[in-house]
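Sequence order for the protein chains is A and B. So for the first sequence, our numbering puts the first residue at 1; every next one is plus one. So for the second sequence, our numbering puts the first residue at 1; every next one is plus one.
One or more of the hints may lead you astray.
From the derived model, a few chain A residues whose C-beta atoms are all more than 10 Å from chain B [stated by the list, open to error]:
(1) Ala21
(2) Gly62
(3) Val87
(4) Phe179
(5) Arg191
(6) Val281
Covered stretches of chain B (chain A as the covering partner; in silico rule of three or more C-beta atoms under 8 Å from a C-beta of chain A) [claimed, not checked]:
(7) 9 to 21
(8) 97 to 107
(9) 188 to 200
By construction, these hints were calculated from the structure, which means they are not laboratory data. Backbone N, C-alpha and C define an ideal beta-carbon position, used for all residues, glycine too.
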Amino acid sequence: MEKSNSSRRALGGYAWWIYAAAWVPFAGFYALALTTTKTLPPERALIAGFFYVVPIALFGIGVWWLSGLLERRRANALTIVLVHVVVGATIAFAWLGIEVAQIAAQTGFSGAWAAAQAFAGFQVLDGFFVYCVLAAGSHAIRFARSLREEQARAARADALRMRAELAALRGQLNPHFLFNTLHTLTALVSREPNTAEHALERFGDMLRYVLDVKRAAREDVTLAEELRFVRDYLSLEQLRLGDRLRVVERIDPDALDCVIPSLTLQPLVENAIKHAVAPRVQGGTIELAAALDDDSLMLEVRDDGPGANKPDVDAAVGMGLRAVRQRLETRYGIDASFSITTAPREGFAVRVSIPAHVGTVLMPAPSLAPPREGTTIPA
Amino acid sequence: MKTRAVIVEDEPIARAQLRDLVSDVDWIHCVGEAADGLTAVSVIESTRPDLVFLDIEMPELDGLGVLRRITCDPAVVFTTAYDKFAVAAFELEAIDYLLKPFGRDRLYAALDRVKRAVRGDGDVPVTHRAHEAIEQRDRWLTRIFVRDRGRLVPIAAADIERLEADDDYVAVHSRGRRYLVYLGMNEFEARLDPDRFRRIHRSHIVNLDHVASLSPAEGMRYEVVMRDGAKILASRTRSRELRGLAI
Numbered sequence: 001m002e003k004s005n006s007s008r009r010a011l012g013g014y015a016w017w018i019y020a021a022a023w024v025p026f027a028g029f030y031a032l033a034l035t036t037t038k039t040l041p042p043e044r045a046l047i048a049g050f051f052y053v054v055p056i057a058l059f060g061i062g063v064w065w066l067s068g069l070l071e072r073r074r075a076n077a078l079t080i081v082l083v084h085v086v087v088g089a090t091i092a093f094a095w096l097g098i099e100v101a102q103i104a105a106q107t108g109f110s111g112a113w114a115a116a117q118a119f120a121g122f123q124v125l126d127g128f129f130v131y132c133v134l135a136a137g138s139h140a141i142r143f144a145r146s147l148r149e150e151q152a153r154a155a156r157a158d159a160l161r162m163r164a165e166l167a168a169l170r171g172q173l174n175p176h177f178l179f180n181t182l183h184t185l186t187a188l189v190s191r192e193p194n195t196a197e198h199a200l201e202r203f204g205d206m207l208r209y210v211l212d213v214k215r216a217a218r219e220d221v222t223l224a225e226e227l228r229f230v231r232d233y234l235s236l237e238q239l240r241l242g243d244r245l246r247v248v249e250r251i252d253p254d255a256l257d258c259v260i261p262s263l264t265l266q267p268l269v270e271n272a273i274k275h276a277v278a279p280r281v282q283g284g285t286i287e288l289a290a291a292l293d294d295d296s297l298m299l300e301v302r303d304d305g306p307g308a309n310k311p312d313v314d315a316a317v318g319m320g321l322r323a324v325r326q327r328l329e330t331r332y333g334i335d336a337s338f339s340i341t342t343a344p345r346e347g348f349a350v351r352v353s354i355p356a357h358v359g360t361v362l363m364p365a366p367s368l369a370p371p372r373e374g375t376t377i378p379a
Numbered sequence: 001m002k003t004r005a006v007i008v009e010d011e012p013i014a015r016a017q018l019r020d021l022v023s024d025v026d027w028i029h030c031v032g033e034a035a036d037g038l039t040a041v042s043v044i045e046s047t048r049p050d051l052v053f054l055d056i057e058m059p060e061l062d063g064l065g066v067l068r069r070i071t072c073d074p075a076v077v078f079t080t081a082y083d084k085f086a087v088a089a090f091e092l093e094a095i096d097y098l099l100k101p102f103g104r105d106r107l108y109a110a111l112d113r114v115k116r117a118v119r120g121d122g123d124v125p126v127t128h129r130a131h132e133a134i135e136q137r138d139r140w141l142t143r144i145f146v147r148d149r150g151r152l153v154p155i156a157a158a159d160i161e162r163l164e165a166d167d168d169y170v171a172v173h174s175r176g177r178r179y180l181v182y183l184g185m186n187e188f189e190a191r192l193d194p195d196r197f198r199r200i201h202r203s204h205i206v207n208l209d210h211v212a213s214l215s216p217a218e219g220m221r222y223e224v225v226m227r228d229g230a231k232i233l234a235s236r237t238r239s240r241e242l243r244g245l246a247i
């Protein structure tokens, strides 16, 4: 059987062998019918069967190609049915024509015409029926395949999102912070037990916040919640860095009930500590600001550190900041803005603006209602 | 005479803890402190201590940078919270380090080892080894240092016959001896010259120069026979890679 290269690529060479094999019984039954009704010798009946089946089998390849064309053009169901009815009828008659021509080649035209009258109606119907089966099969295979591809794509997208979340989580509580904080706590235990106790409580609150936010797959928190988390974080960093870390807050109390994506503020603060405080002997000051402006909530984290060249920063924004920006973009689109103001020796400021929505506190205050083991937090 | 020590640590609480713990050690006398790298260099240069506790992450100049600039050769105990790269380098050169968080017990265990080095029994100087650890991080290993009953033993890469994972350790086989190094197989694989060292299994790396033969075994795998008679069955995947060697 002849196979075009493009259709072989489309379905795989193996599948075409199966397709060819499926026609063998068809040819066989025809040959059997010829031996019993017309008492042809078996070998001649088989040859006749072969030539009977080959045209329709070849047309079938065209059906596969046609189904692909229709789906690529995104034809609607009615168009698909109409096209197949017209093409199917044409092919059924063409098949009859080829059969008649074959008979005519052996017995002469008039004999063939007489013979044709006996089976023409049957063969046209038969051809049309075979065509319908082929067309339905082609579309079914293509549908199953696109479904599989769709599922694979969805799975890939899911994996990407989970990886991003994990990276974000790792970014939130980076190992440097974790181990250095634990070291500070170890050192405090015998020297200043009260400070150690207090710091451990805050450390526990921080871990609970991050774990709860992730476990409940909860996007949103109130600014008040995020701020409590950021203050815990800052107080632990202050233990480590001592008076090198100075913090100034300018928080509009009206903004506290606004809803923000969790872990929006903390990466900005962490970034400021990493670049403006930790690497400098004299340390630095971090300014935290939140304000309502018409329908927007403005958040700003500013430091008085070494700053950077704006183009350099735009070219290579750190992972923490990039994650925040991407999250805001996917969440709010053009309703959110994320801007960086910086210059060498002029500090570094990140300003975020998102639509202001007032929300309720969804997460129980950890000290009031500790989640019991085994309970799940509704998403 | 007491061992004279300098403490280099940028975090005030951690520095105070180290000062307190060290003051309880009768053979150490603390002669100076520094809270950043640049100060550390000048304190070390002026006091010429026998021992330095050196934090790696610090403002201005990190601990490895400090080591590059000083001209004397004290014993060094590195402290770090999380620097996988430095830790791998220290393990390969058998340099003492403390992972934060650490308390009294871990510090004293490290000091026990340091005592021998400071009291001078002819080991290769620590700073020398530390320099190598820092400078050679991008090159293939030419040799490693392992500990053997308190002594340091240098092993040339050519003499490493094979490596075998052993829980969290890697056992280094060389000249009929077995030394444990607290490092992962992947770190070793990344630092050993792949022309000579091949990973043949999740838990095995062999030096091809010490392999006697590769014989086909069941399931499309190879059995690797070492010169010393040890036999290791390579994994299926690694066997495919080994087949590539045979052309």
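Hint check results:
1. Ala21: holds, 32 Å
2. Gly62: Holds, because the least Cβ-Cβ distance between glycine 62 (chain A) and chain B comes to about 43 Å, which exceeds 10 Å.
3. Val87: holds, 50 Å
4. Phe179: Non-interface label fails for phenylalanine 179 (chain A): nearest chain B Cβ at 4 Å, not farther than 10 Å.
5. Arg191: violated, 7 Å
6. Val281: The claim breaks: valine 281 (chain A) does not keep its Cβ more than 10 Å from every Cβ of chain B (closest is about 5 Å).
7. 9 to 21: holds (count 7)
8. 97 to 107: That given contact holds, which follows from 5 residues of the stretch 97 to 107 of chain B lying within Cβ reach (below 8 Å) of chain A.
9. 188 to 200: With 0 residues close enough to chain A, the hint is violated.
The structure does not agree with the numbered hints 4, 5, 6 and 9 stated previously, though it agrees with the rest.
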